[in-house]
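The chain contents come next:
There are 2 protein chains.
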Amino acid sequence: MDNLEIIKEIAISSSTKIVLLVIDGLGGLPNPETGKTELETANTPNLDRLAAKGICGLADPVAPGITPGSAPGHLALFGYDPVSFNIGRGVLEAIGIDFDLQSEDVAARGNFCTVDEMGLVNDRRAGRLSNEKCIELCRLLDGRLIDGVKIFVSPVREHRFAAVFRGESLALEVSNSDPLRTGIAPKSITALNSEANKLASVANEFIAQAKATLAEHYPANMVLLRGFSRDPRLPTMNEIYKLKPAAIASYPMYRGLAKLAGMEILRTGATIEDEFMTLKQSYANYDFFFLHIKPADNAGEDGDFDRRVRIFEQIDNALPELMRLEPDVIVVTGDHSTPATLKGHSWHPVPVLLYSKWCRPDRVSEFSEPACVSGGLGRFPATQIMPLAMANALKLTKFGA
Amino acid sequence: MDNLEIIKEIAISSSTKIVLLVIDGLGGLPNPETGKTELETANTPNLDRLAAKGICGLADPVAPGITPGSAPGHLALFGYDPVSFNIGRGVLEAIGIDFDLQSEDVAARGNFCTVDEMGLVNDRRAGRLSNEKCIELCRLLDGRLIDGVKIFVSPVREHRFAAVFRGESLALEVSNSDPLRTGIAPKSITALNSEANKLASVANEFIAQAKATLAEHYPANMVLLRGFSRDPRLPTMNEIYKLKPAAIASYPMYRGLAKLAGMEILRTGATIEDEFMTLKQSYANYDFFFLHIKPADNAGEDGDFDRRVRIFEQIDNALPELMRLEPDVIVVTGDHSTPATLKGHSWHPVPVLLYSKWCRPDRVSEFSEPACVSGGLGRFPATQIMPLAMANALKLTKFGA
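The listed protein sequences correspond, in order, to chains Y and G.
Sequential numbering from 291 applies to the first sequence in the working numbering.
Sequential numbering from 291 applies to the second sequence in the working numbering.
No wet-lab data here; the hints were simulated from the structure.
Heads up, a few of these hints could be off.
So the derived label-pair ranges between C-beta atoms look like this [to be verified]: (1) Asp596(G) / Pro525(Y): 58 to 64 angstroms; (2) Gly668(Y) / Thr324(G): 25 to 31 angstroms; (3) Arg650(Y) / Ser655(G): 45 to 51 angstroms; (4) Arg471(Y) / Lys647(G): 45 to 51 angstroms; (5) Asp388(G) / Ile300(Y): 26 to 32 angstroms; (6) Ser393(G) / Arg429(Y): 57 to 63 angstroms; (7) Val663(G) / Arg523(Y): 56 to 62 angstroms; (8) Arg600(Y) / Gly593(G): 54 to 60 angstroms; (9) Met613(G) / Gly559(Y): 24 to 30 angstroms; (10) Ser484(G) / Gly668(Y): 32 to 38 angstroms; (11) Lys633(Y) / Ser655(G): 25 to 31 angstroms; (12) Pro335(G) / Gly668(Y): 50 to 56 angstroms; (13) Gly433(G) / Ser484(Y): 57 to 63 angstroms.
Capping the alpha-carbon separation at 30 angstroms, the derived lysine-lysine pairs in DSS-like fashion look like this [as the list claims (entries may be wrong)]: (14) Lys549(G) / Lys633(Y); (15) Lys326(Y) / Lys647(G); (16) Lys307(G) / Lys477(Y); (17) Lys570(Y) / Lys549(G); (18) Lys688(G) / Lys326(Y); (19) Lys570(Y) / Lys298(G); (20) Lys549(G) / Lys440(G); (21) Lys423(G) / Lys477(Y); (22) Lys633(Y) / Lys307(G); (23) Lys549(Y) / Lys343(G); (24) Lys326(Y) / Lys570(G); (25) Lys326(Y) / Lys343(G); (26) Lys633(Y) / Lys298(G); (27) Lys440(G) / Lys633(Y); (28) Lys488(Y) / Lys307(Y); (29) Lys477(G) / Lys477(Y).
Now the stretches of chain Y that chain G is said to cover, found in silico as 3 or more residues with beta-carbon under 8 angstroms [unchecked claim]: (30) 347-361; (31) 375-388; (32) 635-648; (33) 658-665.
We put the beta carbon where it would ideally sit given N, CA and C, even for glycine.
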């Protein structure tokens, strides 16, 4: 019996409310000049006050030393083991552009690429097209019907697109056409079991048609497909936690991940203030809110320490708005660290702050990485955040007699 | 997918270098008179400075409360789960004397013992022979050829020897001859499956010949064999981590364990200074160094608190030599604790210090057991040390998209 099964057995529905505030890329590293991290540098009186009243710790999204992508980082926060529930590349591309993926759809990651007169791939990214060109070419390929299967082709960015196959009885066990290197021809897609013959033949025919259509569009004169996958059909958060969960996120990837977990996706504006406003407006209708704030991660990827500091201060400013709603449980954390000095996701554990009337406060009175080291939650796997939030919302009954 | 499989998938080769400095039996307990452990008592300014710049914690080699032998302690440090990868007694004896074990060899632990005129064992250790006597008797038995199988008999210490069976198609599933108590006869070795018939018959014939040869050598007039085992064929550290690893160890057991993990074994002198010199001389040729320092463990086994203190000070003195090489990642830890007050290995977790440009420093500024309690690494399984070292060396890519 794994953790989710235990939770499923002891979870109860109740009127208490949980807000999970996810600050993307929250964790940082010290500025070499000051020795202080972004979060330590930021003036965050509201978060510090909440840390003093609550309990803190450091969470590992996957495991110590492992740098998570956005999908494993979020799955862990929702309580799913991010290693067992790995989400396919195709599905991630589709949900990352807000594609309304149906449960039977098969999604693939696509590249526009360049092949030479011999048909050998000489640029897997077709010289990185402009986004405009990508949109234009996708329009040429979108909406074809092959053998009863409809194929949606949607631009992602530059040379990237998502191809979604919608039709009956599509088994998805097929190989990739993308050879993942240059100098050889795109591979024919083959079925890895007999049920997958149909998808393989439809995909090959689609590629043949695409090649014909793109012949005059050098350097983007061919397509490569990989990562055929489908909605992983996670047990929903309602099934596991008996929650009525909602997601507030301005970036499509996170709305998509929340949808995979069975959350209702709320319409929201793009700013931090917009998102807090959406929370306020929908507060009566749900008992769990995943509120996702993106810009701290972008600033980290850009290596912009000061911008991260300002974003944390902006979030701190908005916090009283959330406090006024008086949620029974507030969790403030991130899906991974994105230190400005590393300009990317990193393996460092993520600060966690949990506040409820029933938490056992520790002696931490500042929300920062070094302060969280001494927190009462200790260092723990991020998959334990949801059970802790549920317990603090008095939504878990006793295990065993 | 377990942790090693994830690491294998995301590890990349790069020019950064990792030094894993293992101080055997590092952890201690307070001196009842002063209340300070050996490490707290020792004057170690260099280690303390490194602790201040780095991140500290306490690692459990196997699990809390479990006292590890040298093999599980080291396997955990190399990243292998010491419970799944258990190494047979015979293999440990053989590698502990630098025997060049081949991958198909079967090794057994041997005892010289005493049997009475009825053939019943009355001393399983033959009165604990002198080492000289052990060497002499091994010479009488070494090198026999039975049914195409060559048997190497090599002295270990006192009544102990290693017997290695080398021949074709030797399956090792056989029972022990050692009854593990006195008053009964040595057991006949039996095959536990039909493939193992050959080894059972060769081993029984070897025992019969040994009995005849030893008849005049009372009290060592018989041998007992147990722990038939073979190279466990661990995935190598190169396969898992894509490292080019080297081991510097003056004791054969640790060279043997490093060899099982696929490290190259460097020739070195016996002192701490010799070992650091070997590191310096070979530094250009590898990207991972396991540097093993033995005497703190011996001093612990001897119950010699002060000697342990002096050894820690000696290591601290040598540390600047290592620092001058500017490794990208330095880990200082032990394979287990050996408190002088307990005169043996113990279950207490082991101090860990990790330094890299990318570690997230905590507020620890002293390398000691009580200080490490507050470290940013927290308390964690020793198997996570390698993933952390790899991450800090920027040798792990992202997991999931």
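Exercise. Please write out, lowest number first, the hints stated earlier that are contradicted by the structure.
Key: 3, 4, 5, 7, 9, 10, 12, 14, 16, 17, 19, 21, 23, 24, 27, 28 and 29
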